[in-house]
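Engineer: Residue numbers (my numbering), protein chains in the order written: chain A, 72 to 374; chain B, 72 to 374; chain C, 72 to 374; chain D, 72 to 374.
There could be a bad hint or two in this list.
Repeated chains share a single entry, so a pair holds when one copy, or any two copies, can fit it.
To be verified - Below 20 Å or equal to it, Euclidean Cα-Cα: the simulated DMTMM-like pairs (lysine to aspartate or glutamate) are:
(1) Lys88 <-> Asp76
(2) Lys298 <-> Glu278
(3) Lys321 <-> Asp253
(4) Lys82 <-> Glu278
(5) Lys262 <-> Glu353
(6) Lys82 <-> Glu356
(7) Lys321 <-> Asp94
(8) Lys88 <-> Glu310
(9) Lys88 <-> Asp313
(10) Lys298 <-> Asp234
(11) Lys82 <-> Glu371
(12) Lys88 <-> Glu353
(13) Lys88 <-> Asp357
Simulated from the structure, these hints should not be mistaken for laboratory data.
There are 4 protein chains.
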Amino acid sequence: MATLDPGIGEKFSRRTKRAINHDGTFNVRRRGGPHRHDPYQWLITMEWWPFIGMVVTFFTVLNVAFAFAYISLGLDDLPGVAAPHGWWQDFLSALFFSIQTFTSVGYGHVYPGSNGTGFLSSVEALVGVLTFALATGLLYGRFSRPTARIQFSHTAIISRRADGLPCLQFRIANQRNNILIDLQARVILKKTDPATNNQTYALLPLERDTISFFPLTWTLVHDITAKSPLHGLGPADYERLDLEIIIQLKGYDDTFAQDVHARNSYIHDEIEWHRRFIRAYEVAEDGIVEVNLDQLHLTEALA
Amino acid sequence: MATLDPGIGEKFSRRTKRAINHDGTFNVRRRGGPHRHDPYQWLITMEWWPFIGMVVTFFTVLNVAFAFAYISLGLDDLPGVAAPHGWWQDFLSALFFSIQTFTSVGYGHVYPGSNGTGFLSSVEALVGVLTFALATGLLYGRFSRPTARIQFSHTAIISRRADGLPCLQFRIANQRNNILIDLQARVILKKTDPATNNQTYALLPLERDTISFFPLTWTLVHDITAKSPLHGLGPADYERLDLEIIIQLKGYDDTFAQDVHARNSYIHDEIEWHRRFIRAYEVAEDGIVEVNLDQLHLTEALA
Amino acid sequence: MATLDPGIGEKFSRRTKRAINHDGTFNVRRRGGPHRHDPYQWLITMEWWPFIGMVVTFFTVLNVAFAFAYISLGLDDLPGVAAPHGWWQDFLSALFFSIQTFTSVGYGHVYPGSNGTGFLSSVEALVGVLTFALATGLLYGRFSRPTARIQFSHTAIISRRADGLPCLQFRIANQRNNILIDLQARVILKKTDPATNNQTYALLPLERDTISFFPLTWTLVHDITAKSPLHGLGPADYERLDLEIIIQLKGYDDTFAQDVHARNSYIHDEIEWHRRFIRAYEVAEDGIVEVNLDQLHLTEALA
Amino acid sequence: MATLDPGIGEKFSRRTKRAINHDGTFNVRRRGGPHRHDPYQWLITMEWWPFIGMVVTFFTVLNVAFAFAYISLGLDDLPGVAAPHGWWQDFLSALFFSIQTFTSVGYGHVYPGSNGTGFLSSVEALVGVLTFALATGLLYGRFSRPTARIQFSHTAIISRRADGLPCLQFRIANQRNNILIDLQARVILKKTDPATNNQTYALLPLERDTISFFPLTWTLVHDITAKSPLHGLGPADYERLDLEIIIQLKGYDDTFAQDVHARNSYIHDEIEWHRRFIRAYEVAEDGIVEVNLDQLHLTEALA
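Produce the entire structure from the sequences given, and follow the hints as far as they go.
Structural biologist: Next up, the structure:
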């Protein structure tokens, strides 16, 4: 029987970090080769503040460069600029003219009065409108990228059913108001052989692996039957075998009309034993169900 | 056997409102936690008039703010503004200059005549073009979001087949001219235990749960055989058990080239007994089939 | 057994036109009800020339309206306009100023010299930039809409296999250079009862209903075995029963990274009997396969 | 049994080139018929430098044309243009005015002073903003098109398992940092009959044809059991039968939230015999797995 490898690798020269971080990234670096940096991917996945900083920096650097180019042609070629008052004032005058050209404001109290500045300002105007065309695409790309903001409980728990059967549980909620449909979950166990550092994988079947709608919280349950790869393991084993519970989620986002994915994992010190989750929603007086996202992580000891 | 829960919850402290409203939203509120308000999602799903109002308000507020900033620098720094005629005229002059900068019209009869106004107008020009870049993305996002406008009959009916078998029926039509392909339906029954308020769910199998094309109306039929969870229930039971017929639709939209989804539900007072639907389409003289959307809801008493 | 209805309807008061036209549309009209005209859908699916005409008309009408508004405020409020030379010249001057504002060119030789024209030109500048934001989205929406341009052979044919088995065949090719992947076909037969005008449907199984790639032509073949709903029918039956061969195609477009769909149908007078298709591709001297789209329709009599 | 044809054709008049090139294109030409050139497809799939060249050329040609149109109306109609200094200076003045209009900069030191130039500049301003609307869409379309940059090992190898079973292997890695999910592979063997040039196809089953995640390299393995169509064939047979190993990959791109596809093939002289792949990743001291894309192609002789 071919062993299950979800693509994370089986044979390693030493012990690896966890496979999947809480933000869904992998602990993998890429070196050498024709490794393509995709600027679009980078620009639409970076955080907002760095992105805005980059836009402002790009805008400033480009206009400063054009300002120096106008100065090098001589400010006499930009009629309307006041008589020179030293290089700082000249630079500012050229910079303001450059920005008025780049943004296509073009008041015209300063204007290109020679072929040199006429040509340069034509190039700058083209660069400017294309830059904003690009910025339009980037802003739209950033906003419209469907991303699932699924909150996972901080810990997974080992709980116990009414009939005494132990089970692994964790809980998720949607941080956003968008509606996720046909949400599917797959849970894979990663086990590391302490002697060889080899990693093996096994599917952990779930009591229910799909829900039609996801307006509330969802508790995912794997029963630790005799067949489960977790059967008979205690907390010390979880640490010794470097167990990692890898979760893959997939659903349809009704706002973006596209599939969204999410990933997470729990390792040994993120698992609580003999606990159960406290319900995280109540029915308000008006009959509406209130989900309290603060309570997503709340557990209590089993009796 | 694991019970069916479509993700709407099973145990509640009191009776809940209907699970799904007629517009497809859920009767769920979210509180606490790292709940993310996604401004893009909000801006592309809101109605058109509030959206236009927001755009105009945002444009006005921002330009008023810039106008005050220009005034605070002194209108002497904006050559071309007529000699002051009181604060209202000054404000209007500054506001018009601001708007001409923000929209990059830049007539130039008024222009930035100092470093202060030069800098401020540069910032405003950048803010302006980026704002319209954003507006472009939002407008496109609003328009291009694939949404199914599926009209459901106002009521579901309990009808009777020729052989006497009772059946649950409701009818749908596409309000738009776009063509929906491979439309699939799933119908789930929600039942509430009057004693415990616990909710249980059961699938209601359909006579036909998929159609290839959806140019006409589609009547969905669940036969109430002895196996049906509706078997033996009368109108009083529907109310007592707080029955809710939950419908999930999924299809491919040939205009937007994307899957679209729709949801709806019927509760006890939206169900008519011993009725049948009157056909809602006729063949015109030119051989073209005419669907009359007004007749979608028409039913008549069974003989 | 539930009969197959692909969603086109079974019971009709009179004989209908063909279900599906050659352009993939249905012969259905919609009347009454909350029928939603979706302007976006209309604007991105209309032909290019009407679309460009609409854009130019919209631009012209809006600017003419603004021109009259400026005139009603008095051209004295637009300094820079030459002394009046009659209403036509006044109209043109106001129109040119309007367009310069709407497109945010704003030369400034004419400029708003009063609060009235200042306010009006501010509104027009905002309307202008938002209009072009909208136009940007529409142009992108038109271009980026994935559409399959699949060419169907003008006729389907009834051919005969080497072992004498008759078969229904038609042939398709991709008119574009984009690569279609995992192309799937489904063929449904529509039969009309001449007495009642009731329509029944049956699936026509294909020898091969999926291909991985679609760089060449694809001949779709339904064997008319004893089980086939076409078994034993001759040309007169095809006409009498108003047979319609309905084809649904679905594939993945590698350029647009989205699924695309196509539809078509053949009716009795588009079917040739006892013919076979002539191969429509040859290997050129450089080893490259040349598809000749002109030959897609070529058939020859069976021996 | 219907033979497998992935859509690449079975009967040919002479020997064809390889079916699929290393860039995923097919060796097929299209002639005649209503063959649609789709300009959008062409503009978003062409390389960046030709694209930028086209934009600059288009911008230049259009503005030169408008410049000549202004000249033909007479530069007297463009007040602000300096007294004529010969045709070259006149041309430049008209060109700069044209560009200022096209990009909507509109300084206004030159402005349309007649109805003729007023009309022409109005048309140009509209053409200009629509052109940049189009450019916005094209730039976004180019950037946002999801493409898989999957690096294939330069050669496939015939290796040998520990138990002596020979196997066909090749290896892939993701050149980008985006995360591919649920990557599926399908491998088809193309065999050409040296006598008839007829091509037949057979599926080559893989040891594992799907991986959940693709952060590392993936070695795809087809065991050459007695059932394999490769069983008993040596290097000379590979050449004689013109074998081509055709690979189709499909996965979900987590950045673009869309499915991506890739194709490639190996022919006889791209297959190494009795080799094995050297592992291309190591665990760094910080526990992070380092993939070295340079080593993707490294093989060593079997012992």
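Engineer: Decide, hint by hint, whether the structure agrees.
Structural biologist: Each hint tested on the structure:
no. : hint              : in the structure
1   : Lys88 <-> Asp76   : within (17 Å within a copy, 37 Å between copies)
2   : Lys298 <-> Glu278 : within (14 Å within a copy, 25 Å between copies)
3   : Lys321 <-> Asp253 : both (8 Å within a copy, 11 Å between copies)
4   : Lys82 <-> Glu278  : between (31 Å within a copy, 17 Å between copies)
5   : Lys262 <-> Glu353 : between (38 Å within a copy, 19 Å between copies)
6   : Lys82 <-> Glu356  : between (57 Å within a copy, 16 Å between copies)
7   : Lys321 <-> Asp94  : within (15 Å within a copy, 24 Å between copies)
8   : Lys88 <-> Glu310  : within (13 Å within a copy, 46 Å between copies)
9   : Lys88 <-> Asp313  : within (9 Å within a copy, 46 Å between copies)
10  : Lys298 <-> Asp234 : within (17 Å within a copy, 29 Å between copies)
11  : Lys82 <-> Glu371  : between (39 Å within a copy, 18 Å between copies)
12  : Lys88 <-> Glu353  : between (39 Å within a copy, 12 Å between copies)
13  : Lys88 <-> Asp357  : between (48 Å within a copy, 8 Å between copies)
When the structure is compared with the earlier hints, no violation turns up for any of them.
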